[in-house]
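Residue numbers (the numbering used here), protein chains in the order written: chain G, 1 to 366; chain W, 1 to 247.
What the hints contain is simulated information worked out from the structure, not anything from laboratory work. Just so you know, even glycine gets a beta-carbon here, dropped at the ideal spot from N, CA and C. Certain hints may be false.
[As the list claims (entries may be wrong)] Pair ranges (Cβ atoms, derived): (1) Trp74(G) x Ala168(W): 33 to 41 Å; (2) Ala168(W) x Pro185(G): 25 to 33 Å; (3) Arg235(W) x Pro284(G): 30 to 38 Å; (4) Leu206(G) x Val72(W): 40 to 48 Å; (5) Arg8(G) x Asp170(W): 33 to 41 Å; (6) Pro284(G) x Gly245(W): 38 to 46 Å; (7) Pro293(G) x Arg235(W): 36 to 44 Å; (8) Arg109(W) x Pro152(G): 37 to 45 Å.
[As the list claims (entries may be wrong)] Chain W residues, not near chain G, derived (Cβ > 10 Å throughout): (9) Ala103; (10) Asp137; (11) Val174.
[What the hints assert, rightly or not] Straight-line Cα separation of at most 25 Å, SDA-like style, residue types lysine to any residue; simulated pairs: (12) Lys131(W) x Leu121(G); (13) Lys131(W) x Arg361(G); (14) Lys124(W) x Glu356(G); (15) Lys118(W) x Glu356(G); (16) Lys224(W) x Glu203(W); (17) Lys131(W) x Glu356(G).
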Amino acid sequence: MEEGARNRQWRAPSIPEDPSRLAWGACFVGAATVAASWWVVDHLRGVMAVYDVQIASVDIGLLLFGVVTSVLLWPSVKAVQIAGRARAAAVAGDVVAARVQGAAARSWCLYTFGYAFAAVLCLAIGLFIVANDVSVGRTFFNLPLMRDTFRPILKAFWTNVYICVIAEVLVLVWGLAVAIARLLPGRPGQPIRMIATLYTDAFRGLPAIISIFLVGFGLPLAGIPIAKDLPLPMLAVIALTLTYGAYVAEVYRAGIQSIHWSQTAAARSLGLSYMQTMRFVVVPQAVRRIIPPLLNDFIGLQKDTALVNVIGAMDAFNQSKIIEANHFNLSPVTTVGILFVIFTVPQTRFVDRLLEREQRRTQAGG
Amino acid sequence: MPLVEMIDVGKQFGAHTVLKGLNLNVDEHQVVCLIGPSGCGKSTLLRCINGLEAIQAGEIRLHGDRVTGPGVDLNRLRRDVGIVFQSFNLFPHMSVIENVTLAPIRVLRMDRREAEEKAMTLLKRIGLEQKAREYPDRLSGGQQQRVAITRALAMEPMVLLLDEITSALDPELVSEVLNIVRDLAKEGMTMLLATHEMGFAREVASKVCFLYGGIVHEEGPPEKIFGAPSEERTRAFLKRIIEAGRL
Numbered sequence: 001m002e003e004g005a006r007n008r009q010w011r012a013p014s015i016p017e018d019p020s021r022l023a024w025g026a027c028f029v030g031a032a033t034v035a036a037s038w039w040v041v042d043h044l045r046g047v048m049a050v051y052d053v054q055i056a057s058v059d060i061g062l063l064l065f066g067v068v069t070s071v072l073l074w075p076s077v078k079a080v081q082i083a084g085r086a087r088a089a090a091v092a093g094d095v096v097a098a099r100v101q102g103a104a105a106r107s108w109c110l111y112t113f114g115y116a117f118a119a120v121l122c123l124a125i126g127l128f129i130v131a132n133d134v135s136v137g138r139t140f141f142n143l144p145l146m147r148d149t150f151r152p153i154l155k156a157f158w159t160n161v162y163i164c165v166i167a168e169v170l171v172l173v174w175g176l177a178v179a180i181a182r183l184l185p186g187r188p189g190q191p192i193r194m195i196a197t198l199y200t201d202a203f204r205g206l207p208a209i210i211s212i213f214l215v216g217f218g219l220p221l222a223g224i225p226i227a228k229d230l231p232l233p234m235l236a237v238i239a240l241t242l243t244y245g246a247y248v249a250e251v252y253r254a255g256i257q258s259i260h261w262s263q264t265a266a267a268r269s270l271g272l273s274y275m276q277t278m279r280f281v282v283v284p285q286a287v288r289r290i291i292p293p294l295l296n297d298f299i300g301l302q303k304d305t306a307l308v309n310v311i312g313a314m315d316a317f318n319q320s321k322i323i324e325a326n327h328f329n330l331s332p333v334t335t336v337g338i339l340f341v342i343f344t345v346p347q348t349r350f351v352d353r354l355l356e357r358e359q360r361r362t363q364a365g366g
Numbered sequence: 001m002p003l004v005e006m007i008d009v010g011k012q013f014g015a016h017t018v019l020k021g022l023n024l025n026v027d028e029h030q031v032v033c034l035i036g037p038s039g040c041g042k043s044t045l046l047r048c049i050n051g052l053e054a055i056q057a058g059e060i061r062l063h064g065d066r067v068t069g070p071g072v073d074l075n076r077l078r079r080d081v082g083i084v085f086q087s088f089n090l091f092p093h094m095s096v097i098e099n100v101t102l103a104p105i106r107v108l109r110m111d112r113r114e115a116e117e118k119a120m121t122l123l124k125r126i127g128l129e130q131k132a133r134e135y136p137d138r139l140s141g142g143q144q145q146r147v148a149i150t151r152a153l154a155m156e157p158m159v160l161l162l163d164e165i166t167s168a169l170d171p172e173l174v175s176e177v178l179n180i181v182r183d184l185a186k187e188g189m190t191m192l193l194a195t196h197e198m199g200f201a202r203e204v205a206s207k208v209c210f211l212y213g214g215i216v217h218e219e220g221p222p223e224k225i226f227g228a229p230s231e232e233r234t235r236a237f238l239k240r241i242i243e244a245g246r247l
């Protein structure tokens with residue numbers, strides 16, 4: 001072969017960098033974090049002693065936190081050890097060993113940094129709660145008050161659950177109907193398409209709180225036969241169905257349009273009518289695709305049930321506001337917030353499971 | 001009387017003319033192969049016959065009955081005219097047996113048990129009865145295409161349209177699909193197929209039509225078209241096919 005362009009030096013086996021400095025840095029960060037965490041734990045326990053709060057689980061939790069952060073020292077020490085070995089290997093001229101040990105040392109350093117950062121964040125939150133003479137803690141997390149008022153709030157939270165479950169069922173049906181109306185084919189379908197478009201435009205733009213206000217006060221005021229006798233939560237269900245029906249209709253529409261036209265062609269070529277094709281081929285596939293965005297909208301709906309307090313329905317938020325006013329403390333509202341979060345998290349996990357199972361069942365390589 | 005008659009069929013997509021005054025007859029029990037360069041309208045022609053595309057000029061007759069233009073019940077027409085697509089187009093959310101029985105149950109109002117029994121008989125014939133409960137994504141391309149053919153056959157069509165059904169398959173899977181078509185041809189099924197498998201066309205076709213410029217440029221028995229084509233365009237097309245090692 002000719003000398004020149006093709007005769008290049010092999011550049012890949014680089015001399016490994018010495019990880020010692022990084023390892024000592026990690027050691028320092030680890031030690032500093034451990035010291036800081038014990039200081040904060042001590043401080044928090046002091047504060048608890050001053051205010052005579054004696055909750056065993058909190059005490060144990062604090063100590064446990066201190067112990068767990070102390071474990072941070074281990075990866076940093078390990079990093080220093082291995083860095084020493086890497087250095088020795090480099091001196092001995094064993095490039096491969098130096099590289100392997102160096103990489104291991106660096107990876108232990110990164111462990112230290114990552115966990116230290118997380119621990120510092122937790123510490124900051126702890127300090128924030130006791131800041132300003134524990135005013136943050138007392139304002140948001142008055143534990144005794146939260147415990148005493150939990151029952152009435154949980155009972156009122158049932159109203160939220162009831163509103164959102166009924167509204168969700170209605171939204172599923174109503175949204176699909178609107179989506180299909182928006183997708184009606186041909187010229188004769190045009191007026192219906194237009195009305196459906198107008199509806200989605202209007203109710204996606206209208207704030208949910210205004211929709212609840214107008215429906216909740218308006219329908220009874222207008223004396224509309226059946227609506228005027230409905231209880232407040234049912235009026236809220238109507239308002240939320242109208243609002244979220246518009247959102248979900250758009251989700252459905254996107255899902256239906258995402259199904260490749262060849263599926264429709266195959267179904268129609270077998271003699272299925274337009275509606276049969278929708279029902280048996282297109283919508284079932286679309287629904288599988290839109291479950292994640294649908295869940296998004298449902299979580300939005302669940303949270304918006306807290307808006308029904310504007311028409312005076314006795315939901316968890318309204319209940320907690322009454323308690324809050326009586327005790328001049330926000331902790332009951334925190335309880336409501338926690339309840340909402342606890343309510344939504346399992347749904348997300350459940351849907352993830354569902355999709356995974358579905359995928360395993362229908363797709364190759366499962 | 002021919003089973004399928006196409007009389008001066010014209011089809012445009014916007015400004016683009018695909019078919020311009022095409023005439024073609026398919027007799028009962030005939031296997032007609034459409035060949036020609038890509039984009040010459042083979043697929044479009046098939047899609048027009050079962051009403052997936054509307055034509056703008058001329059007419060198509062089935063058993064002497066005009067099936068194009070306003071007032072034709074396309075859903076009813078499609079019971080008699082089956083089509084199999086290049087990309088299979090099985091329904092991915094349904095098992096094989098559900099794919100095959102959907103139309104018989106929903107369109108022909110067949111009893112579910114009866115439909116499933118019939119589907120199993122058909123699946124047994126193509127050797128896929130064990131896959132009846134599987135989902136399409138778990139089958140090979142060849143198996144999927146065999147299921148797609150079965151799905152069309154479950155409607156007991158009078159004529160079967162096959163739109164380049166082996167073009168999306170790996171070479172070693174082509175024969176398992178062609179064997180089915182071969183069997184159908186022997187049983188006397190009327191078929192109209194667009195294909196690039198020239199060797200196969202030569203073997204099974206009763207008539208080969210070379211489509212060019214939106215019309216049937218040349219037609220005749222396979223021996224004539226492949227052996228001694230009279231038109232210059234046909235010869236040029238076949239020369240390129242031979243150069244590609246496909247004939």
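To see whether the hints hold, each was checked on the structure:
| no. | hint | verdict |
| --- | --- | --- |
| 1 | Trp74(G) x Ala168(W): 33 to 41 Å | violated, 57 Å |
| 2 | Ala168(W) x Pro185(G): 25 to 33 Å | holds, 29 Å |
| 3 | Arg235(W) x Pro284(G): 30 to 38 Å | violated, 50 Å |
| 4 | Leu206(G) x Val72(W): 40 to 48 Å | holds, 45 Å |
| 5 | Arg8(G) x Asp170(W): 33 to 41 Å | holds, 40 Å |
| 6 | Pro284(G) x Gly245(W): 38 to 46 Å | holds, 44 Å |
| 7 | Pro293(G) x Arg235(W): 36 to 44 Å | violated, 57 Å |
| 8 | Arg109(W) x Pro152(G): 37 to 45 Å | violated, 58 Å |
| 9 | Ala103 | violated, 4 Å |
| 10 | Asp137 | violated, 5 Å |
| 11 | Val174 | holds, 20 Å |
| 12 | Lys131(W) x Leu121(G) | violated, 55 Å |
| 13 | Lys131(W) x Arg361(G) | holds, 14 Å |
| 14 | Lys124(W) x Glu356(G) | violated, 32 Å |
| 15 | Lys118(W) x Glu356(G) | violated, 33 Å |
| 16 | Lys224(W) x Glu203(W) | holds, 13 Å |
| 17 | Lys131(W) x Glu356(G) | holds, 22 Å |
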